[in-house]
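For the sequence shown, the UniProt record's numbering begins at 1 and goes up steadily by one.
Don't read these hints as lab results, they were simulated from the structure. Note that the Cβ used here is the ideal one computed from N, Cα and C, for glycine as well. A few of these clues could be false.
[What the hints assert, rightly or not] Pair ranges (Cβ atoms, derived): (1) Gln138 <-> Pro311: 30 to 38 Å; (2) Ala140 <-> Ala82: 24 to 32 Å; (3) Ser137 <-> Val191: 44 to 52 Å; (4) Leu132 <-> Ala219: 34 to 42 Å; (5) Ser80 <-> His271: 57 to 65 Å; (6) Arg287 <-> Ser137: 39 to 47 Å; (7) Pro97 <-> Leu132: 23 to 31 Å; (8) Ser242 <-> Thr135: 22 to 30 Å; (9) Ala236 <-> Tyr102: 30 to 38 Å.
[Said to hold, decoys possible] As a list, the in silico SDA-like pairs of lysine to any residue whose alpha-carbon atoms are at most 25 Å apart: (10) Lys156 <-> Gln247; (11) Lys156 <-> Gly259; (12) Lys156 <-> Thr257; (13) Lys156 <-> Asp291; (14) Lys156 <-> Leu185; (15) Lys156 <-> Val186; (16) Lys156 <-> Ala236; (17) Lys156 <-> His116; (18) Lys156 <-> Ser285.
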Amino acid sequence: MQWIPKAGSGAPATCFDRAWRPLPNETLREPSTSVAMTQREAAAPGERSGSLVSETYDAGMSPQVPAVSRAAAILRFLSSSAVPVSATRIAEAVGAPRSSTYHLLSALQAEGFVMHLPDERRYLLGLGAAELGSTYSQQASLSLQGHPLMARLVRKVRYPVHLGLLHGREVLYIVEQRPPHSQPLVTEPQVQLPAHVTASGRSMLALLPPSQVTALFSAPAAFVGRTGEGPKSLPALRRLLSDERAQGFSFEREEVTLGMSSIAVACLDRHGRPAASVAMTFPASRREFPDGALEALRRTAYQLSIRIGFPGA
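Please put together the full structure from these sequences, using the hints given.
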């Protein structure tokens, strides 16, 4: 697809500086990587030994107290402690037998939520718990900052718009705004979709270091599709991300939902890294982007980036 820059956009020299618009009567390019996809292999529940998911109740515990409740109590206690604490002290604090407490601590340690100091025989909160807190904080902040901008955007473009975060190999949608009388989409808040087939996901993946993309998608099993369209290998994904990085936005046609297309622009944090994505979904039967849609998406993405600390031009 050939695009020309819109003069006087005033955007900084980043992904926002490409305020592109289609040439008159130009048709949209079909994605070159539309190929059949493999299906996700369902993981057996409780497959990982020691996982809290595999045990509803901990042995030796009252059947009225689920293991997950005890685990939550342990995490709350550790989060309130300024120093590492022993298993005995933890058991006393949460009111559980020591044997049950050791089982739960082992499971939490395996999941990264608790760290064990063997020399001191004490425990403290692990990085996994900190990552969860950081993710929640980021999600809450972006949702709060993004809601008014997305409400304004949907009034401008008159198509459904959504805000998403990159969560590993998936996109987590946190805000969706739809015009009146529009049909619900799969991109409702808290829904997660494969990042490599969504415009939202690819707009962020395109701005990650290549090594990080490789780490995320090195295994063939990572390429899980929804409609049979989209990249199915790391080389194909790399080529597509390179093209989309050069054009300054991502576009998918019927890779997520048959009959629908989406375009997306990434938002940047204070370090210039992709923090979120602003996207719009419209009928795939359209051969051109809706008038002014891409410019409106860029403006919204830039405004949200400024709100979350991006320094701008």
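Hint check results:
A hinted range of 30 to 38 Å for the beta carbons of Gln138 and Pro311 is inconsistent with their spacing of about 18 Å. A C-beta distance of roughly 25 Å is found between Ala140 and Ala82, which places it inside the suggested range of 24 to 32 Å. The supplied range of 44 to 52 Å is broken by Ser137 and Val191, whose beta-carbon atoms lie about 20 Å from each other. Range check, Leu132 to Ala219: Cβ separation about 24 Å, and the 34 to 42 Å hint is violated.
About 31 Å separates the C-beta atoms of Ser80 and His271, a value inconsistent with the hinted range of 57 to 65 Å. Evaluation of the 39 to 47 Å hint for Arg287 and Ser137 yields a pass: the beta carbon distance comes to about 42 Å. Look at Pro97 against Leu132: about 27 Å separates their beta carbons, and that is inside 23 to 31 Å. Taking 22 to 30 Å as the suggested C-beta distance range, the pair Ser242 and Thr135 conforms, at roughly 28 Å.
Here the CB-CB span from Ala236 to Tyr102 is close to 48 Å, at odds with the stated 30 to 38 Å. For the proposed pair Lys156 and Gln247, the alpha carbon gap of about 23 Å is at most 25 Å, so the pair holds. This hinted pair checks out: Lys156 and Gly259 have alpha carbons roughly 22 Å apart, not beyond 25 Å. Restraint check for Lys156 and Thr257: satisfied, since their Cα atoms lie roughly 23 Å apart, inside the 25 Å limit.
Annotation: proposed proximity of Lys156 to Asp291 holds, straight-line Cα distance about 10 Å (limit 25 Å). Taking the CA atoms of Lys156 and Leu185, the gap is near 19 Å; set against the 25 Å cutoff, the hint holds. Proximity of Lys156 to Val186 is assessed by CA-CA distance (about 22 Å); at most 25 Å being required, the pair is judged to hold. Straight-line distance between C-alpha atoms of Lys156 and Ala236 comes to about 34 Å, which puts the hinted pair past the 25 Å bound.
At roughly 53 Å between alpha-carbon atoms, Lys156 and His116 are farther apart than 25 Å, so this suggested pair is violated. The hinted pair formed by Lys156 and Ser285 meets the criterion: a straight-line CA distance of about 21 Å does not exceed 25 Å.
In summary, the structure is inconsistent with hints 1, 3, 4, 5, 9, 16 and 17 from the numbered list given earlier, while agreeing with the others.
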